[in-house]
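Residue numbers (my numbering), protein chains in the order written: chain W, 1 to 221; chain C, 1 to 222.
Hints should not be assumed to be uniformly reliable.
Straight-line alpha carbon distances no greater than 20 Å define the calculated SDA-like cross-link-like pairs of lysine to any residue that follow [unchecked claim]:
no., chain 1, residue 1, chain 2, residue 2
1, C, Lys4, W, Gly81
2, C, Lys4, W, Leu31
3, C, Lys4, C, Leu15
4, W, Lys86, W, Phe75
5, C, Lys4, C, Arg14
6, W, Lys86, W, Asn143
7, W, Lys86, W, Phe172
8, W, Lys86, C, Lys217
9, C, Lys4, C, Arg184
10, W, Lys86, C, Gly179
11, C, Lys217, C, Asn151
12, C, Lys4, W, Phe172
13, C, Lys4, W, Lys212
14, W, Lys86, C, Leu127
15, W, Lys212, W, Asn143
16, W, Lys86, W, Tyr101
17, W, Lys86, W, Leu96
18, C, Lys4, W, Thr181
19, W, Lys86, C, Leu142
20, C, Lys217, C, Tyr102
21, C, Lys4, W, Phe75
22, C, Lys4, W, Val76
23, W, Lys86, W, Gln23
24, C, Lys4, C, Leu142
25, C, Lys217, C, Gly109
26, W, Lys86, W, Thr18
27, C, Lys217, C, Gln140
28, C, Lys4, W, Lys86
Everything labelled a hint here was simulated from the structure, so no lab data went into it.
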Amino acid sequence: MSYSDFLVIHGPRLLGGTWITVQQTVLAAVLAVLIALLFGLLKISPLRPVRALASVYIEVFRGTSLLVQLYWIFFVLPLFGITIDKFTAGFVAVGLNLGAYGAEVVRGAIQSVPRGQWEAALALNLSPARRMWRIILPQALVNMLPAWGNLMIEVLKGTALVAMISVADLMFEARQINGSTYLSAQVFGTALVIYYLLGRLGVTPLMRWLEKTVARRMGRV
Amino acid sequence: MEWKWDFTLQILPRLIEATGATLMAAAFGYLIAMVLGLGLALAQRTPYGALTRVVREGVEFIRSTPLILQIFFVFYVAPQFGVTLSPWVAGMLAIGLHYAAYLSEVYRGGLESVDRGQWEAATSLNLGTAHAYRRIILPQALPNAIPGMGNYLVGILKDTPMLSVIGVGELMHTANAIGAETYRFLEPFTLVGLIFLTISLPLAELVRRAETRLRRKLGLVK
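Chain W on its own, in the form it takes in the complex (with noise of 0.2 Å):
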């Protein structure tokens, strides 16, 4: 069978994978965000306990397998009565999991911001949310945005362990297919090329673009 003969076959069937991926990779990318700004202004909190529950969470998290996680939430959790239908499940542990990572390059960006832009916000009488809000969490977006675009990646590369929980990702589809065609080289290969080109052309791009956004519109260009 020659190449073109295969993705006329198989081809939309990787397609279908493809965008069940984006999704998964879309939904992860926006509850890591949020789990990241959540546990990375926990982690910096004046409470001493506030502190160490974020510091358990992110230790948790980045301390052990992402497949790991992927397993206990998928069948783990419904033995105490929380079933999570399996497409959530994907996307919730890809999330949580680079929420911890992230959560350590927020606290770091925030940190970076100078000190005399928290006293100038304090001698403007501000009050903590908004000077967080309004000064610091801009100032530390431009900072944190290089070391997001790497995580995003990794978002995309993590989804691909949904397919262990029989999520209908590209990972999954390829499988699938490779099992019952044996066509290894070309479907695993195919695969391998649409992941990279979705970080290539569609991740890459996307932070490399919202740095600049960001950068202009905080006067740093």
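Chain W is fixed; fit chain C onto it per the hints.
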């Protein structure tokens, strides 16, 4: 569902045994990554522009595609070319190659930190390129690279569960097997998580301390 302690104690020895396999997989994978990574880093420094570009693009490709797919690729595609790899060999190759791509970036940084003058001195002493690398450049570049390498050691350890998908009998694979035999997933999966925490948290801390000390010793930070 309740946590059963007697069941926990019953499966613990099996999981601890599998932890040995996990550690071995991480160690072997890292060893392969260290050697291959150096090759990839050096290949980008030859005078042949085409080779540099191809290797660069290859490293980018490996870094931005999922490891789990690469594991499947190596395991299933090798037999198409007449080479049948055992799950262990395929897994070590895939994970080794994946991390080689990451480590090559660290080596590149180390190599670039060696002063140009060192090359000029080597040339003026009439040393060949290979000789200069071996005796002059690498001994200075590698120590500079070491501080960046530790995180990937922790990373490779945490990625070993993916090897379970092609049947490497490490922790995750064993936990899955126990679950399939006994229909109890709570204890095995939770224990796997806990075992990973007890290894990776101290390891990460150790790496952090070693890196700080090394950076100071090398004069990279004051």
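Evaluation of the provided hints:
| no. | hint | result |
| --- | --- | --- |
| 1 | C:Lys4 to W:Gly81 | 17 Å, holds |
| 2 | C:Lys4 to W:Leu31 | 34 Å, violated |
| 3 | C:Lys4 to C:Leu15 | 16 Å, holds |
| 4 | W:Lys86 to W:Phe75 | 10 Å, holds |
| 5 | C:Lys4 to C:Arg14 | 16 Å, holds |
| 6 | W:Lys86 to W:Asn143 | 35 Å, violated |
| 7 | W:Lys86 to W:Phe172 | 13 Å, holds |
| 8 | W:Lys86 to C:Lys217 | 50 Å, violated |
| 9 | C:Lys4 to C:Arg184 | 10 Å, holds |
| 10 | W:Lys86 to C:Gly179 | 18 Å, holds |
| 11 | C:Lys217 to C:Asn151 | 19 Å, holds |
| 12 | C:Lys4 to W:Phe172 | 34 Å, violated |
| 13 | C:Lys4 to W:Lys212 | 54 Å, violated |
| 14 | W:Lys86 to C:Leu127 | 61 Å, violated |
| 15 | W:Lys212 to W:Asn143 | 12 Å, holds |
| 16 | W:Lys86 to W:Tyr101 | 23 Å, violated |
| 17 | W:Lys86 to W:Leu96 | 15 Å, holds |
| 18 | C:Lys4 to W:Thr181 | 44 Å, violated |
| 19 | W:Lys86 to C:Leu142 | 45 Å, violated |
| 20 | C:Lys217 to C:Tyr102 | 24 Å, violated |
| 21 | C:Lys4 to W:Phe75 | 17 Å, holds |
| 22 | C:Lys4 to W:Val76 | 14 Å, holds |
| 23 | W:Lys86 to W:Gln23 | 13 Å, holds |
| 24 | C:Lys4 to C:Leu142 | 50 Å, violated |
| 25 | C:Lys217 to C:Gly109 | 18 Å, holds |
| 26 | W:Lys86 to W:Thr18 | 17 Å, holds |
| 27 | C:Lys217 to C:Gln140 | 13 Å, holds |
| 28 | C:Lys4 to W:Lys86 | 26 Å, violated |
Checked against the numbered hints above, the structure breaks hints 2, 6, 8, 12, 13, 14, 16, 18, 19, 20, 24 and 28 and satisfies the rest.
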